[in-house]
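Quick note, the sequences are listed as chains D and Z, same order.
Note that my numbering has the first sequence beginning at 1, numbered continuously upward.
Note that my numbering has the second sequence beginning at 1, numbered continuously upward.
Everything labelled a hint here was simulated from the structure, so no lab data went into it.
Do not take every clue at face value.
Unchecked claim - No more than 30 Å apart at the CA atoms, straight line, and that leaves these computed lysine-lysine pairs for DSBU-like:
id: 1; chain 1: Z; residue 1: Lys651; chain 2: D; residue 2: Lys116
id: 2; chain 1: Z; residue 1: Lys690; chain 2: Z; residue 2: Lys651
id: 3; chain 1: Z; residue 1: Lys523; chain 2: Z; residue 2: Lys690
id: 4; chain 1: Z; residue 1: Lys523; chain 2: D; residue 2: Lys116
id: 5; chain 1: Z; residue 1: Lys561; chain 2: Z; residue 2: Lys551
id: 6; chain 1: D; residue 1: Lys66; chain 2: Z; residue 2: Lys523
id: 7; chain 1: Z; residue 1: Lys551; chain 2: D; residue 2: Lys116
id: 8; chain 1: D; residue 1: Lys116; chain 2: D; residue 2: Lys66
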Amino acid sequence: MTTDTRLRPLMLVEDSPNDVELTMAALERCRVANPVIVARDGVEALDYLIRGRDGPLPAVVLLDLKMPRVDGLEVLERLRAQPRTRRLPVVMLTSSREEQDLVRSYDLGVNAFVVKPVGSAEFHRAIRDLGVFWAILNEPPPGSTEGGPNGDLG
Amino acid sequence: MSDGVVEACDREPIHAPGSIQPHGHLLALEGPDLLLAHASAAAAGTVLPGNLADAFGQQLERGLLGELDGSWSERLRCLPEAGVVHLGQIRARSGSQFQALAHRSPDGLVILELEMIAAGLGQAAGGLVQQQLHPLLRQAFDRLASASTLEELAARGAEEVRRLSGFDRALIYCFDDDWNGTVIGEARNERLPAYLGLRFPASDIPAQARRLYEINRHRLIPDVDYVPVPVLSADGRGTGDPLDLGLAVLRSVSPVHREYMRNMGTPASMSVSLLRGGHLWGLISCHHAEPRWVPFAVREACDLVAQMLAVRAAAIEAAAYAADRNQLKSLERRLLVWMAEAEYFEDGLADHQAELCAFLGAAGAAVLSRRGCTLVGQTPPAAYVRRVAAWLGQEHGLDDVFATSRLSSALPDAASFADVASGLLAMPISARSSSFVVWFRPEIVQTVTWGGDPRKPLAAESGQLHPRRSFEVWKETVRGQSSPWSASQIEAARDLRAAIVQIVLTRVEERAALTGRMLRINKELTAFSYSVSHDLRAPFRHIVGYAELLKERASDHLDPKSQHYLRTIMEAGRHAGALVDALLHFAQTGRAQYAPTSIDMVTLVADARQMLEPDTADRRVEWRIGSLPHVTGDATMLRQLLLNLLSNAIKYTRGRDPAVIEVDCTVEDDEFVFVIRDNGAGFEMAYAPKLFGVFQRLHRAEEFEGIGIGLANVRRIAERHGGRTWAEGEQDRGASFFFTLPLEVVRLEAR
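With the sequences and hints as input, model every part of the structure.
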C-alpha cells in the first residue's frame with residue numbers, strides 16, 4: 001500500500017480485550033501497516049498523549065466511549081484542553097448511537113463518530129476506511145509530526 | 001300607563017306638605033330655649049293666643065293657653081334623637097283634652113303635637129284604655145309566637161291588630177321584588193269587602209312613601225275628608241322652607257292618596273310598617289267604613305304587634321329555609337358522590353336523572369360540557385340549550401348561579417319554549433370549558449287577582465294625578481312564568497357548583513400528577529430498554545467477529561457439519577444484533593421529540609419511494625398515488641412510518657409481476673384516513689390483531705426476512721400523532737394498511 005517511511009502510529013483506546021483483538025484483526029486484514037498503540041483505558045491514553053514522552057503523536061486516536069475510570073468523553077475533553085493535543089484527530093468508536101453522546105462529542109471537538117457495526121464484514125470495512133483515511137489520506141495538522149524520540153521522520 | 005305619571009307620583013314631597021290634619025295642633029320649637037317658630041293655623045285661639053304673632057319667638061310656657069308643668073320643658077329638651085315620645089295629657093283652658101306627642105324633626109326643631117282626644121270623630125277613642133292594652137298585647141304575642149306558617153301568622157296578626165284597634169278590616173300586606181303587594185292575611189267584619197289574596201300594584205304606595213314608612217313606623221288618617229290646616233311660621237306666610245313633618249303624626253297626606261282612599265270607600269285608615277333588617281317588608285293596613293280615631297297608645301301597641309309579627313315571619317322563613325337546605329343537602333351529597341365516582345363528572349350527573357331533577361325541583365335538566373350536551377327530562381332542544389348557555393356566559397358571566405322564573409323577560413325568544421323552560425337555573429362550572437348544568441321548570445299558568453286594573457293605577461287628568469276609581473277584582477292570567485326558585489334552592493345550586501369546581505380542580509391535579517408519573521415511568525422504561533439493548537450489542541458483535549475469525553483460520557480443517565454450525569453461530573449473532581438495533585431504534589422513536597410542522601404528504605411519499613429505489617430497481621412496480629393532503633405532524637417520524645409501510649409493501653409483493661402499490665387518502669369524520677394497498681402475499685385476517693405487535697411476524701423467516709418491528713413502529717408513530725392504525729388482508733390476495741391523522745390540529749403534549 002505504501003512505501004512511505006512516514007508510518008505514523010494509530011492509537012486504539014479500548015477497554016474490552018475482545019474488541020481490541022477484533023479491531024487489530026480487522027486492521028491486519030485490511031493490511032493497514034501502521035503500528036498500533038493500544039491503551040486499555042482513559043488514564044493510560046492520557047498518560048501517553050499528554051505527557052508525550054513515550055513517542056510521537058498518533059495519526060488518529062480511535063477512542064472507545066464507555067470505559068471505566070476515565071471515559072471517552074473525558075479523554076476527549078482533556079485532549080482538547082492541551083495545546084499539544086488540541087488538534088489531534090480523534091474518532092469516537094462506540095457500541096451504539098446515543099443522541100447526547102453525539103452532541104457532546106462534537107461539542108468537545110471530536111473529528112468523527114462511528115458506531116461499531118455488528119456484522120464483521122461491515123466492521124472490517126469501517127476499520128479499513130478509517131485507517132486509510134486518517135493514516136494515509138488525511139493531511140495531518142501542522143506541527144503534529146514533532147515530538148517524541150522517534151520524532152520527525154520526514 | 002305612562003311612566004311619567006308614576007314618576008310624578010314618586011317625586012311628590014309628601015314629607016313636607018306644609019299642612020296638617022285637623023284633629024290636632026302642631027307647634028315647632030326652635031333653639032336651646034325652645035322658642036316657638038311654627039304653629040298650625042288652628043292653634044290660634046285654641047291653645048295659643050288668637051294673634052299668633054304674640055306667641056312666635058316666645059317660650060312655650062308663655063304662649064300656651066293651658067297647664068304645663070316644669071318637667072315638660074325638661075323633657076322637651078331631652079328628647080331622644082329618634083322616635084315620638086308621649087309626654088302626657090294637656091287640658092287647654094278651653095277645656096279640650098289633648099295627648100301631647102313630641103319628637104325631633106330632621107330639621108333639628110322640636111315638634112310638639114297636640115292630638116285631640118275623642119273630639120267629634122265618630123266613635124269614642126277606640127274604646128281601649130291603657131290598662132286593657134297589656135293583657136291584649138300579651139295574648140297577641142302568645143298567638144303570634146305559636147303560629148307555625150306564614151299564612152297562620154298573617155291571619156292571627158290581622159285578628160290581633162283588629163282586636164286592639166277596632167277597625168272594620170285589618171290586612172297584612174307583603175311586598176314582592178317589584179314592590180307590588182299581596183294581601184296575605186285579613187280580619188274583617190262585613191262592612192268592608194274582602195281583599196285577602198289580592199295583589200296591589202307598586203304605584204299604590206309610591207317610593208317616597210315607602211321610604212318614609214321605614215323611619216316613621218305608624219300613621220293614622222282618622223277622616224279622609226279633612227280640610228288640611230296650614231302650618232304657619234313667624235312671618236305668618238305659611239310658605240318658604242316647609243317644615244319636615246316626616247315624623248309628625250298629624251302630617252297631612254297626599255291628595256292623590258286621599259282620593260285613593262275615597263275611591264276605595266274607606267274614610268279612616270291606619271297603617272303600621274313591617275320591617276325586616278330596617279327595610280320595608282310589608283304593612284299592616286287597617287280600614288274603617290266611617291271616620292275613626294284611636295289614641296297614640298293603641299297605635300304604639302299595634303306597632304309592637306307589627307314588630308313581633310315581622311320577627312316571627314323572619315323566624316318562620318328561616319326555619320323553612322333551614323329545613324329545605326337540610327333536605328337538599330342530603331340530595332347534594334349523593335350527587336357529589338356519583339360525580340366523584342364517574343370518570344367524567346357530567347356522566348355522574350346525567351346517569352341519575354331523577355335525582356338531578358329532584359335536587360332543585362325541576363322537570364328537566366341539561367349538562368353541557370366540552371364533550372357534548374346531555375338532556376334529562378323535559379327540556380328545550382340541545383341547540384337551544386347551547387344558545388342559552390352562550391348567552392348566559394356573555395351576559396351574566398360565569399362566576400355565579402343565575403336563576404329566573406320568567407326566562408322570556410330576559411330572552412325574548414324563550415317564549416317559544418315557555419312550556420318547558422319558563423324557569424331556568426343555570427350553574428356555570430368552568431370558564432375555560434364552558435360547562436354548565438341547567439335546570440328547567442315548566443310554565444305554570446297563574447291567575448293573579450288584582451285589586452283593580454293594574455294597568456291603570458293612576459291617570460293624569462287635567463294636569464293632576466288621579467288614582468283609579470275601581471277596586472273591583474281584576475284577574476290577570478300570567479303566562480311564561482314558572483314556580484319561583486326558592487332561596488334555599490339557589491343556595492343549594494351554589495353549594496353544588498362549589499363542590500364541582502373542587503372536584504374538577506382535584507381531578508385536574510390528579511390527572512397532572514398521573515400524567516407526570518406516567519411520563520416518568522415511560523422515560524424510565526425507555527431508558528431501560530435503551531441501555532439494555534446498548535449493552536447487548538457489544539457481545540453480539542464479539543460473537544460474530546470471533547466466529548468470522550475462526551472461520552477464516554479453521555474452515556479448511558472443519559468438516560461440513562462443523563462449518564454449518566459455525567455459519568449458524570454467525571447468522572444467529574447477526575440476527576441478534578439486528579434485533580437489538582431494531583429495538584434501539586424503536587425505543588428512540590419513543591423518546592424522540594415530537595416536532596410538528598406542516599407537511600405535504602405527496603412530497604413525503606416521494607421521499608420514501610426514492611429511499612427505497614434500490615429495492616425496486618430490478619422489478620416492475622406499478623405505483624398508484626392518489627391525491628394526498630397537507631397534514632400537521634413530525635416529518636421525520638412520518639417519513640419513517642411511510643418507509644416502513646412502503647418497504648413492507650415492496651417486500652411482500654416480491655412474487656408479483658407487476659407489483660401494484662397504492663397510496664391514497666380519504667377524509668372521514670374528523671380524520672384523514674391513509675391507506676397503503678398492495679397485491680402481495682397478504683395475510684389471514686384471523687392474525688390481524690397480532691400485526692402491530694413488537695417482534696410479531698406472520699411469515700417464516702425463509703419466506704420473507706424481517707424483524708417484525710416495522711409495524712410496531714408505525715403504530716407508535718401514528719399514535720403519537722393522535723391517529724390509529726389497522727389492517728385488512730387476504731391470504732395471497734394482498735393487504736391494505738390504514739393509518740389516520742387528525743384533521744384538526746390538536747395540541748399533542750407529551751405523548
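Results for each hint:
1. Among the hinted pairs, Lys651/Z with Lys116/D is consistent with the structure: their alpha-carbon atoms are about 27 Å apart, no more than 30 Å.
2. Distance restraint check for Lys690/Z and Lys651/Z: the Cα-Cα separation of roughly 19 Å lies within the 30 Å cut-off, and the hinted pair is therefore satisfied.
3. Straight-line distance between C-alpha atoms of Lys523/Z and Lys690/Z comes to about 25 Å, which keeps the hinted pair within the 30 Å bound.
4. Distance hint between Lys523/Z and Lys116/D is fulfilled; the C-alpha atoms sit about 26 Å from each other, no more than 30 Å.
5. Under the criterion of a C-alpha separation no larger than 30 Å, the hint pairing Lys561/Z with Lys551/Z is consistent with the structure, at around 13 Å.
6. Using a Cα cut-off of 30 Å, the hinted pair Lys66/D and Lys523/Z holds, with the two alpha carbons roughly 22 Å apart.
7. Between Lys551/Z and Lys116/D the CA atoms are separated by roughly 21 Å; this keeps the pair inside 30 Å, and the hint holds.
8. Between Lys116/D and Lys66/D, the direct Cα distance comes to roughly 13 Å. Compliance with the 30 Å bound is thereby established for this hinted pair.
In the structure shown, no violation is registered for any of the earlier numbered hints.
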